[in-house]
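Enquirer: Sequence:
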Amino acid sequence: MFCEAPVLGIYDPDKPIEVETDASGFALGACLSQPDDQGRWHPIAFYSRKFTPAELNYDTHDKELLAIVSAFKQWRHYLEGASYQVVVHCDHQNLTRFTTTKELNRRQVRWSEEMASYDFKITHRKGVDNAAADALSRRVDYMEGRIEPHPAVFAVDSDGSLTLARPSFPMLRIESNPWHLKIREAYAQDSFAQELLALEDDPRIARDREGTLLFKGLIYVPARLREVLVKDIHEAPAHGHQGIDRTTERITRNFYFPGLRKTVQRIVSQCDLCIRSKAATHAPYGQLQPLEVPERPWQSVTLDFITKLPQSRDSLTGVKHDSILVFVDRLTKYAYFLPYLEASNAEQLAHTFLRYIFADHGMPEELVSDRDKLMRSEFWQTLMRQLGAKNKLSTTAHPQTDGQTERMNRTLEQYLRCFVNYPQDDWATWLPMAQFAYNSAKQESTNVSPFFANYGFEPDAYREAIPSRKLAQQGVLKAEQLKELHKAISLDLEHTAPGGTEPKEGG
Numbered sequence: 000m001f002c003e004a005p006v007l008g009i010y011d012p013d014k015p016i017e018v019e020t021d022a023s024g025f026a027l028g029a030c031l032s033q034p035d036d037q038g039r040w041h042p043i044a045f046y047s048r049k050f051t052p053a054e055l056n057y058d059t060h061d062k063e064l065l066a067i068v069s070a071f072k073q074w075r076h077y078l079e080g081a082s083y084q085v086v087v088h089c090d091h092q093n094l095t096r097f098t099t100t101k102e103l104n105r106r107q108v109r110w111s112e113e114m115a116s117y118d119f120k121i122t123h124r125k126g127v128d129n130a131a132a133d134a135l136s137r138r139v140d141y142m143e144g145r146i147e148p149h150p151a152v153f154a155v156d157s158d159g160s161l162t163l164a165r166p167s168f169p170m171l172r173i174e175s176n177p178w179h180l181k182i183r184e185a186y187a188q189d190s191f192a193q194e195l196l197a198l199e200d201d202p203r204i205a206r207d208r209e210g211t212l213l214f215k216g217l218i219y220v221p222a223r224l225r226e227v228l229v230k231d232i233h234e235a236p237a238h239g240h241q242g243i244d245r246t247t248e249r250i251t252r253n254f255y256f257p258g259l260r261k262t263v264q265r266i267v268s269q270c271d272l273c274i275r276s277k278a279a280t281h282a283p284y285g286q287l288q289p290l291e292v293p294e295r296p297w298q299s300v301t302l303d304f305i306t307k308l309p310q311s312r313d314s315l316t317g318v319k320h321d322s323i324l325v326f327v328d329r330l331t332k333y334a335y336f337l338p339y340l341e342a343s344n345a346e347q348l349a350h351t352f353l354r355y356i357f358a359d360h361g362m363p364e365e366l367v368s369d370r371d372k373l374m375r376s377e378f379w380q381t382l383m384r385q386l387g388a389k390n391k392l393s394t395t396a397h398p399q400t401d402g403q404t405e406r407m408n409r410t411l412e413q414y415l416r417c418f419v420n421y422p423q424d425d426w427a428t429w430l431p432m433a434q435f436a437y438n439s440a441k442q443e444s445t446n447v448s449p450f451f452a453n454y455g456f457e458p459d460a461y462r463e464a465i466p467s468r469k470l471a472q473q474g475v476l477k478a479e480q481l482k483e484l485h486k487a488i489s490l491d492l493e494h495t496a497p498g499g500t501e502p503k504e505g506g
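One point on numbering: in numbering that gives the first Met the number 0, the residue at position 205 of the sequence shown is 204, and numbering is uninterrupted.
Do not take every clue at face value.
Taking CB as the label site, the calculated pair distances span [what the hints assert, rightly or not]:
1) Glu364 with Gly258: 40 to 48 Å
2) Trp40 with Gly258: 42 to 50 Å
3) Glu364 with Thr59: 30 to 38 Å
4) Arg409 with Leu180: 18 to 26 Å
5) Lys181 with Trp40: 52 to 60 Å
6) Thr59 with Leu340: 26 to 34 Å
7) Asp459 with Ala187: 25 to 33 Å
8) Pro309 with Gly258: 15 to 23 Å
9) Glu364 with Arg106: 29 to 37 Å
Calculated cross-link-like contacts (lysine to any residue; reagent style SDA-like; alpha-carbon spacing at most 20 Å) [as the list claims (entries may be wrong)]:
10) Lys49 with Lys14
11) Lys14 with Ile43
12) Lys215 with Lys230
13) Lys14 with Lys181
14) Lys215 with Arg260
15) Lys181 with Pro202
16) Lys319 with Val419
17) Lys14 with Lys101
18) Lys101 with Ile43
19) Lys230 with Leu195
20) Lys72 with Phe191
21) Lys307 with Pro422
For the record, the hints were derived by calculation from the structure and aren't laboratory data. The structure displayed is predicted, hence computed values, not measured ones. Ideal placement from N, C-alpha and C gives every residue a C-beta, glycine not left out.
Construct the complete structure from the given sequences, taking the supplied hints into account.
Expert: Structure, rendered in structure tokens:
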């Protein structure tokens, strides 16, 4: 009834316009209204959408402001050049000063420039009086991980005593919106899908039990879902806004559609967050002394620090950190990103090393590190000798000798810039996601992901993802297969390392 007459009106360019906006913790909503001939206001259009993973990290002020900016983008054809000044109603009092304040962050400055072509004013309206936009921003189907209601735990017997009404207590049930369901529903409107379905005798084409269309073992994605799929995979925190090559490789593990790489290239190259967050690369400064390529995983490990960061509190332990400790296996490129305190001594560093590297992978034959004072300490040197490891330090004047970790640091910093909050004090909570995003992405130098090189299978970031094309790849490879893989990687690294430097990581 809200989307038809007499409630819903028709836009009239000669009448005043009001826009109601609101933002919840997970979505935004807006309603555009105009008066009828009797002066009664009627909705003309509704708009709502979920926040992207990056937008979920915005503070309340920026989420409310994003609702306004998004509404104006959606209804630009109505609002730009309107006959009357557009009146915007929101329940966030501070936004009424947005057009006059001089203290704006970079994101707000960009939005201010986008809004400069409109004639509008923002007014405050209580949430109870802003019902349309409020309801749109709280659509239940936009929520993730919501708790489903359960029947009462206890029931009253005929004698008045309480008994359990169900065998167990209520549990949290995660609601998902799996891609394969969206894809199957879109097949009916996709002409290419109908052509594939007509080729019943083609061995490349099949359908699984649920009716999902497979082309060469990969899920075929209908045209209207392709951009959304690419954006979701590219922007997911567990994938880390990575480059064209890595995003393409992730998608082709499970999905197929014509022109996939061109679509990825266009979307990634236009990603606003990537453009603003990633530093430009440049030619190497010169030839550096090569490091001998290891023959097996965790034989040679690099260690480095990213220091002078804003203090960030660990959400689990409550401990504050100001640095990141990075360990990388030089063969498989598998990495650990650990929150650290720059003031820690050599004994604390050794404890961290034993806990994460030694406990999981044993003792490496060599540890490549910059000439940090902790590396030169008597305690650390004694520990290395007792454990039988070489402590191979980088050249004093050229810390880039450890080119692998230097490149790794830049990759990690780029990831954090994409997801941290504005004060940049929550980076410690993003390190596990950053570590997963890096380790599950294919490396240009090895042609496999670090996770696969270590364990023999690709991990899933989200359980609603489509199973990979070959179930065999989901199981752990046999010991002999892994041994052959490690030998091949070692030979490839020896062959591809240019000019004595470690090969760069893939885009």
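Enquirer: Now, for every hint given, state plainly whether the structure supports it.
Expert: How the hints compare with the structure:
Under the hint 40 to 48 Å, the C-beta atoms of Glu364 and Gly258, about 47 Å apart, fit the expected range. The hinted window of 42 to 50 Å between Trp40 and Gly258 holds, with their beta carbons roughly 46 Å apart. Distance hint check for Glu364 and Thr59: the Cβ-Cβ separation is about 52 Å, which falls outside the suggested range of 30 to 38 Å. The hinted window of 18 to 26 Å between Arg409 and Leu180 is violated, with their beta carbons roughly 39 Å apart.
Between Lys181 and Trp40, the C-beta spacing of about 36 Å breaks the proposed range 52 to 60 Å. The given range of 26 to 34 Å is respected by Thr59 and Leu340, whose C-beta atoms sit roughly 31 Å from each other. Checking the proposed 25 to 33 Å range against Asp459 and Ala187 shows it holds: the Cβ atoms sit about 28 Å from each other. Evaluation of the 15 to 23 Å hint for Pro309 and Gly258 yields a failure: the beta carbon distance comes to about 42 Å.
Glu364 and Arg106 have their C-beta atoms about 47 Å apart, which leaves the hinted 29 to 37 Å range violated. Proximity of Lys49 to Lys14 is assessed by CA-CA distance (about 30 Å); at most 20 Å being required, the pair is judged violated. Among the hinted pairs, Lys14 with Ile43 is consistent with the structure: their alpha-carbon atoms are about 12 Å apart, no more than 20 Å. Taking the CA atoms of Lys215 and Lys230, the gap is about 23 Å. The hint is violated against a cut of 20 Å.
With a C-alpha separation of about 40 Å, the suggested pair Lys14 and Lys181 falls outside the 20 Å cut-off, and the hint is violated. Distance hint between Lys215 and Arg260 is fulfilled; the C-alpha atoms sit about 17 Å from each other, no more than 20 Å. Proposed proximity of Lys181 and Pro202 is contradicted: the alpha carbons are some 25 Å apart, above 20 Å. Proximity of Lys319 to Val419 is assessed by CA-CA distance (about 16 Å); at most 20 Å being required, the pair is judged to hold.
The suggested pairing of Lys14 with Lys101 is violated, with an alpha-carbon distance near 32 Å, which exceeds 20 Å. At roughly 34 Å between alpha-carbon atoms, Lys101 and Ile43 are farther apart than 20 Å, so this suggested pair is violated. With a CA separation close to 25 Å, the supplied pair Lys230 and Leu195 exceeds the 20 Å bound. With a C-alpha separation of about 32 Å, the suggested pairing of Lys72 with Phe191 is violated against the 20 Å cut-off.
Between the alpha carbons of Lys307 and Pro422 the distance comes to roughly 14 Å, so the proposed pair stays at or under 20 Å and holds.
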